[in-house]
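Same order as they appear, the protein sequences are chains A and B. FYI, my numbering numbers position 15 of the first sequence as 15, with every residue one higher than the one before it. FYI, my numbering numbers position 2 of the second sequence as 2, with every residue one higher than the one before it.
Don't take each hint at face value.
What the hints assert, rightly or not - Below are the DSS-like pairs computed for lysine-lysine, each with C-alpha atoms no more than 30 Å apart in a straight line:
1) Lys164/B - Lys136/B
2) Lys128/B - Lys117/A
3) Lys48/B - Lys128/B
4) Lys128/B - Lys78/B
5) Lys48/B - Lys117/A
6) Lys90/B - Lys48/B
7) Lys191/A - Lys78/B
8) Lys117/A - Lys141/B
9) Lys117/A - Lys78/B
10) Lys26/A - Lys233/A
11) Lys164/B - Lys191/A
12) Lys13/B - Lys142/A
13) Lys13/B - Lys117/A
14) Lys141/B - Lys48/B
15) Lys191/A - Lys136/B
16) Lys128/B - Lys191/A
Think of the hints as simulated: they come from the structure by calculation, not from any bench.
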Amino acid sequence: MTAHSETTPEPSLEIGGETKPETNYKQIMKDGLWDNNSVFCMILGMCPTMAMTTSATNGLGMGLATAVVMTASSLLVATFRNWITQEVRIPVYILIVAAMVTLVDLSMNAWMHELYKVLGLFIPLIVSNCLPLARLEAFAAKEPVLPSLVDGLFMGIGFTLALTLIGAVREVIGSGTLFADASLLLGPAFKFMELRVLPPDTGVLMAVLPPGGFLATGLLLAGKRILDVRAGKAISMGGAHSVG
Amino acid sequence: MSAPAIAHDSPLKHAGILGGFCLGFGVMLAVTFILTADAIHQRADDDKRASLDQVIPAALHDNNPLTDTVTVVGHDGKPVTVFRATQGHKVTAVAYEILGSGYGGEIRLMLGVDAEGRVLGIRPLAHKETPGLGDKIEPAKTDWLSRFSGLSLGNPPVDKWKVKKDGGQFDQFSGATITPRGVVGAIRNGLEFFTANKAQLVEVR
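Kindly generate the complete structure, drawing on both the sequences and the hints.
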């Protein structure tokens, strides 16, 4: 994952004549993927996390749709950040997120219909996710366009990875499969991802029902904390803060 | 409010900003809606046609059942849109939506029936049954729904159109009785609807 950091452009893009200390893109990416992960650290976006992780494929689909909306809305908010006044910023952010969601929903329905049939039910749920709003308020409202874009994208990718992981755990335990129906979401070329881990009818049904969502999320969250403690990191209690 | 509208914290300025954003994004969404409306309508028709194709074999008709519809009032007083497949101006099959009540709420299915009242095929359109239990009605998961093909009211007799647990002849699946009960009931009602309205449904125009 850190391989992405090599391709990062030099932090030279200055917008609106700001003079900021140089932006640490590597840290923004690391925050999104691990250090300040939306699900496992900030514990934001729990509604789609619980509802949509009954399989790894569902988690992946929800995560990807959210990542697209987060990237686009972070870009827009950062672009307009000097015009949006403090008093009306929240309605404007909600407007931007809702508009992006509707835009994605309509365009996918019209031009990517096969994908829409799989992802369609996830997309309206993004509006009810507090994660995009939190990142707009905490990051994009204060930072230049490029860092905001990177933050939105990597927070989205981190969300996607978390949901896919939770979905995978629940799916293996609950249904005995992994990435079932992935070819419907990603195309026939991804048929190889569809695995059967356990024999049919041996799954523990509870894992794909709501209690399984809480258990899997809680255990994975605890697991991440253990890894962080082992690595000697101070545990950050999910502040929506970031670099800068 | 000591200064006119140009002051820094004037409410008018905030209102203008919010209004401007609303207008801008509103226009953007309107344009997107207009650009996508035709394509979305087309896709919705394609989807419906695909589900009709699955319950009425293409060999049975030379018309487009999607546009050849009649609306008949069902026994519960609600109008039912019936798609008709015709060949040489003779109705060979009809298809319509049937509703069953399952464990997780309503189960919507598309039922195809030939002119003699025999089941041609059934496809679930939407349901909220428990994953791993009730969702075995999906053709992608099991072939449970295919066992109804070729059956009609009278074969088996009407009082055997129940799951085994209720004294009928259809298997429920392990761990789930309510879903199959709802589906079998919906198919029985659907066939009764056909019998009750047969004259109107297969009428040659």
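Handout entry: Hinted pair Lys128/B and Lys117/A, Cα distance within 30 Å
Key = 16 Å, holds
Practice task
Mind checking the alpha carbons of Lys13/B and Lys142/A for me, to see if they're no more than 30 Å apart?
Solution key: 20 Å, holds
Problem - Given pair status - Lys128/B, Lys48/B, alpha carbons within 30 Å - result: The given pair, whose Cα atoms are some 20 Å apart, holds under the 30 Å limit.
Handout entry: Restraint status (C-alpha distance of Lys117/A to Lys78/B at most 30 Å)
Key = 28 Å, holds
Exercise for the section: Starting from Lys164/B, check that the Cα of Lys191/A is at most 30 Å away, please. Expected result: It is violated: about 38 Å lies between the C-alpha atoms, which goes past 30 Å.
Practice task
Sort out whether Lys136/B lies within 30 Å of Lys191/A, counting only the CA atoms.
Solution key: This hinted pair holds, its Cα atoms lying about 22 Å apart.
Problem - Restraint check for Lys13/B with Lys117/A, where alpha carbons must lie at most 30 Å apart - result: Status violated; Cα separation ~43 Å.
Practice task
Would you check the hint for Lys26/A and Lys233/A, treating anything up to 30 Å between C-alpha atoms as holding?
Solution key: Holds - the C-alpha atoms of Lys233/A and Lys26/A are around 17 Å apart, at most 30 Å.
Exercise for the section: Please work out if Lys141/B and Lys48/B have their alpha carbons no farther apart than 30 Å. Expected result: OK: Lys141/B and Lys48/B at ~21 Å, within 30 Å.
Exercise for the section: Decide if the proposed pair is consistent with the structure: Lys90/B and Lys48/B, CA atoms, cutoff 30 Å inclusive. Expected result: With Cα atoms ~22 Å apart, Lys90/B and Lys48/B stay inside 30 Å; holds.
Problem - Pair hint Lys48/B and Lys117/A, alpha-carbon separation not exceeding 30 Å - result: Distance ~13 Å between Lys48/B and Lys117/A Cα, so the pair holds.
Exercise for the section: Given the hint that Lys128/B pairs with Lys78/B, test it: the Cα-Cα distance must not exceed 30 Å. Expected result: The hint holds at about 22 Å.
Taken one by one, the earlier hints fail for this structure at numbers 7, 11 and 13, listed in ascending order.
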